[in-house]
Structures are given as C-alpha cells and as structure tokens.
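Visitor: Sequence:
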Amino acid sequence: MRNILLFAAVWLLISTPLRAQEEGADPAPQTDEMASTTPNAYSATPKHMWEIGVHGGHFMNVGDIEFDPSWGAGIHIRRALDYIFSLRLDLMYGQPKGGAERAGVDIQDYTTTWISGSLLGVVSLNNLHWSRPKRNTNFYALVGGGINYFKTEYVFIKMDNTTEDRVLDFEPLAHADVGLGIAFKISKKVNLGIEHKATAIFGNKADLVDAWDNPGYPQTSFRDILNYTNIRLNFNLGKSEEKSEPLYWVNPMEGVLTDISELKARPKLDLTDTDNDGVIDMMDQENDTPEGAPVDTRGVALDSDKDGIRDFEDEEPYSPPGFTYNENGVAEQPTYADETMVDDIVRQKIGEWEEEMLGIKRDPNDPDGGSMTNPDGTPRTSGSSGRGGLLALSEKAGLAGWFLPMIHFNLDSDNIRQADYGNLAGIAYVMKQYPNVRILVQGYTDQTASTEYNQDLSFKRAKAAIEFMVTQHQLPRERFVLHYGGETNNLVPTTGSNFMNRRVEFKIAAPDATDMPAPGSKESGQFQGNREGY
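Going by the working numbering, the letters in the sequence shown line up with residues 473 to 1006, in that order.
Read the hints as simulated data drawn from the structure, not as lab findings.
Don't be surprised by glycine CBs; every beta carbon is placed ideally from N, CA and C.
Treat each hint with caution, since some may be false.
[Said to hold, decoys possible] Below, simulated DSS-like cross-link-like pairs (lysine-lysine); rule was C-alpha separation at most 25 Å, straight line:
no., residue 1, residue 2
1, K660, K623
2, K519, K623
3, K661, K715
4, K677, K569
5, K623, K657
6, K623, K569
7, K657, K715
[Unchecked claim] Derived Cβ-Cβ restraints for the label pairs, each shown as a range:
no., residue 1, residue 2, range
8, D641, D540, 18 to 28 Å
9, K904, V964, 26 to 36 Å
10, L591, L709, 16 to 26 Å
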C-alpha cells in the first residue's frame, strides 16, 4: 500500500505541469510591450563551431597483473547536436604495462600496444543552469564504443623457473567507453580539459590485455578494464564573427534574455515634439530648433552646403562647393573670364612668342594680326626675307632644325606619289601658319645611273615637288628654294637601287639661300644604264 501511495504522489508531481500546459489554450492576454512584429527572430541552433583537440595522459590496465605507470595519447573531433548533447570521435594510441610478481601467475611482466577508435556521445551536465550567458566551465559525461586492436608482449615463467618472451596478437575487437570530464575555457577558441575514461573490451579475448586470464585459478577471470586519465587541449574552428562557440558552451536562453533586458531598459513611448520639427523628443538630437527650420531625420538642423551655417540662418543655403564663404553663408566666387577675354589672352601670348622667337611684331590695334613690322619698325610682308625675322627664325628659334617630312620616288621617276600627298599637305599647313618662312627643297637619287644623269634627275624631283606645292596648295613660288644633290648624302649607305635614297627633303631656308642653277647635262631625261653597264 505504501508503494502505491508513493507512485501516486510521483505521478501527480509529473502530470501537474503537463496538465497545465494542455490547459494553456487560453493564455494570459499580451500587453503592447509583449507584442512583436517578428514571427521568429531566433534560430534554435545557430551556426556554431566544430571542436578539435589533442590529449595525453596516464593509461593503465586494471587486470590480473599489477600495472606500471604508462602513457597514452590521441586526437579527437567534436560536434554539438544541441545545447546538451554532442558527438565526439576519438583516435588513441597507448602502451599499458605491468609486471609485479604474484603467486599463481605465470607472467613476469608485459607491454601492450593499444590502438583504438571510438564514437562517443557527450552530455553537458551544467548547461541547463541559465544564470550566466556563457560558460567558463563545462562538466560532461560520455558513453560510447568503438573498435580496437592490441598486441601484448610478455615474459612467461616456465615450470623450471626459466623465462620465455611471447607475443599475443589478436584481430580487432569491439569495446565500450564511459567517462567523466571537466573543461575550462581559456578563450572563445581554446579550452583545457581533464578527463577520465574507462574502456571494457568485448569477446573471449577481453581478459588478455595483460596476457593472463586466470585459467584454473580462484582469481576472477572478468575482463580487463583500461583506464585513461588525460589532459585535453581543445580548439574551436571557425570565425567568431560568423559562428558562435560550440553550443555546449552557450546558454540556450542567451538571445532571449538579452532581448528581455533590452526591452526592460527601453523608455516608454512618448510622442512629445517640443520644437514641432516632426521628430519626437525621444529621437530628436536637437529638440530646440526654431519653428520652420528644415531638419534631418534625427531632428538636427540641415546645413545643405556644409559651409558651417545652418540653412535657416544661411542667405545662400546651396552655395557651390570649393569656395570661401562670408558670415552670411554666401560663396565668394571669383570673376571668370568670358570668350572675348580668352581670345585676347591667346592673341597676346601668340604675339609675345612671335616677337621673341621670330622677330615679328604685330599691331596691337589690329585684332586679326594682319599688320606686322620688323624689329627695325619697317612694314613686313609675307614674302619679306629681311634678316631681322629670318635670322631670328634660324638662330633664336632654331627653326632650321625643325623636322619636316620627306617624300620618296619610284626608280628613275620624278612623279609625286599619292602616298606622299599627306606629307606635302602637312608641310603646306606649316607654311601657311608661318607666312614669312621659306622652305629649301632638295632632291636626291640613289646610285643606280651615272652621276650626270642623277644630278639632272634630282633637280627634276625637287622641281616637281615645288610645282606640286604651288599648284595644289596655292603657295607662292618665291617661298621655295630649289636645291639638288644627285646621288650624294645617301640615307642608306649602299650602291645600286634604294628606295630611301630616292627622295626630296624639306628644310627651313637660310636668309640668303637662292635657287641652284639647273644642271647642264645633255643626258637630261635619258636613262643611260646603271653602273654595272646595263
């Protein structure tokens, strides 16, 4: 009867909260402070880190033969399933030893090589204590099993008291593990633990870890138990900004408790707007702005042009950037030049350059620059070759060294090639820009024909180039000086036919340069063979 009453009392204690939950279909009405527009702002299990670790410690076998101090070591990887449960995969290597002599035991000493892999379920024992958001210690229990392999080397005592070295080598066996541990947090990513684990082997070889299973002796033949007391150094893998610590270190109510604290700390809603700027005082960072002053979403008076003067005090609220401002916020802008001023500046600079470099002085009262004088004050015409301008041209300005394009000719020809029309047009453009500059035109040939013939051909080529410039580009003939050099001054030092040597060059003429007389050779216009005789 007493047992029935005890069972009824326990059932009543268990069923009362369950019944209260079932009867909770009509919960207490929610207030405005309890309402939330977010259906579910939290994840039951947020993204969290994996744990890896290394361990090492004292590894011993509790069996029929007394153990000696031995060692074991290994690695593990652990993953939380939720805030309480996690899985851990352990790999271990160790060498338990023993060997104290005991009556009735034929083993003098032994050394066992142990290799195992275990899958363990780990239960955090203190993660339901919610007084703190984070854990600095973690108590846990573990249970699981795995596969092992061991080989025992031992010294067997024979009946004549002599000894013999023997080896027991077995196939892999199954085992079960149980243990307890505690871990201490060093940082968000590192913790240090102490753990003890016991391992029991299954199978008919389970009592042979120490090579002795008590055959025919009164001692127990129960399986050997391996005990491993170790220190574990554990690391959490992942970025702290993206993932939380493993869940067994985290309070499952942390997010909820934090939000509850924030809600309690919030002031009650007050819609008062003291300065009538449309921003309530709870959010207004400047609640004394004048009536009608434009403000931003924080209630702060606007300064649109960032000149340090607020718009309601600024005579020019949208001043252009990059200028200084007066006390009224008006930009102090400089006076910009118009098109006429720019034209005058350009004319002035051109006149200064012409006067310095070419010795040409323009009439400042002539806006088109058509009236020019030499340095001695005499009027200057486009065809003038006075020493004042041309000497300045050749000596001061260095125009004699200007590069002007050259043109080339086909073999035994003085016809202008269409490929050179562009070069000639460029030379004509320069001459029109500088109407007082004269051009020396000098023809050359290669060394294909005789010297007399080449002299005449180079003359014809220079003459053809001048006639082209006069007829095609309407340039006065007197602006050209005709020279010829026959087969001299080759660009390419070679005899015979060469396209580069068949050319006409254009240079700035010296002030006193004149046309060379035409060659008097009777061979003009007749090709009389090359230097090889054909």
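Visitor: Next, verify each hint and record whether it holds.
Guide: Status of each hint after checking the structure:
Between K660 and K623 the CA atoms are separated by roughly 41 Å; this puts the pair beyond 25 Å, and the hint is violated. Under the criterion of a C-alpha separation no larger than 25 Å, the hint pairing K519 with K623 is inconsistent with the structure, at around 43 Å. For the proposed pair K661 and K715, the alpha carbon gap of about 11 Å is at most 25 Å, so the pair holds. A distance of roughly 17 Å separates the Cα atoms of K677 and K569; the hinted pair therefore holds under the 25 Å criterion.
Distance check on the hinted pair: K623 and K657 sit about 38 Å apart at the alpha-carbon level, beyond 25 Å; violated. Distance check on the hinted pair: K623 and K569 sit about 12 Å apart at the alpha-carbon level, within 25 Å; holds. Restraint check for K657 and K715: the C-alpha separation of about 17 Å stays at or below 25 Å, so the hint holds. About 21 Å separates the C-beta atoms of D641 and D540, a value consistent with the hinted range of 18 to 28 Å.
Between K904 and V964 the CB atoms are about 33 Å apart, so this pair conforms to the stated range of 26 to 36 Å. About 19 Å separates the C-beta atoms of L591 and L709, a value consistent with the hinted range of 16 to 26 Å.
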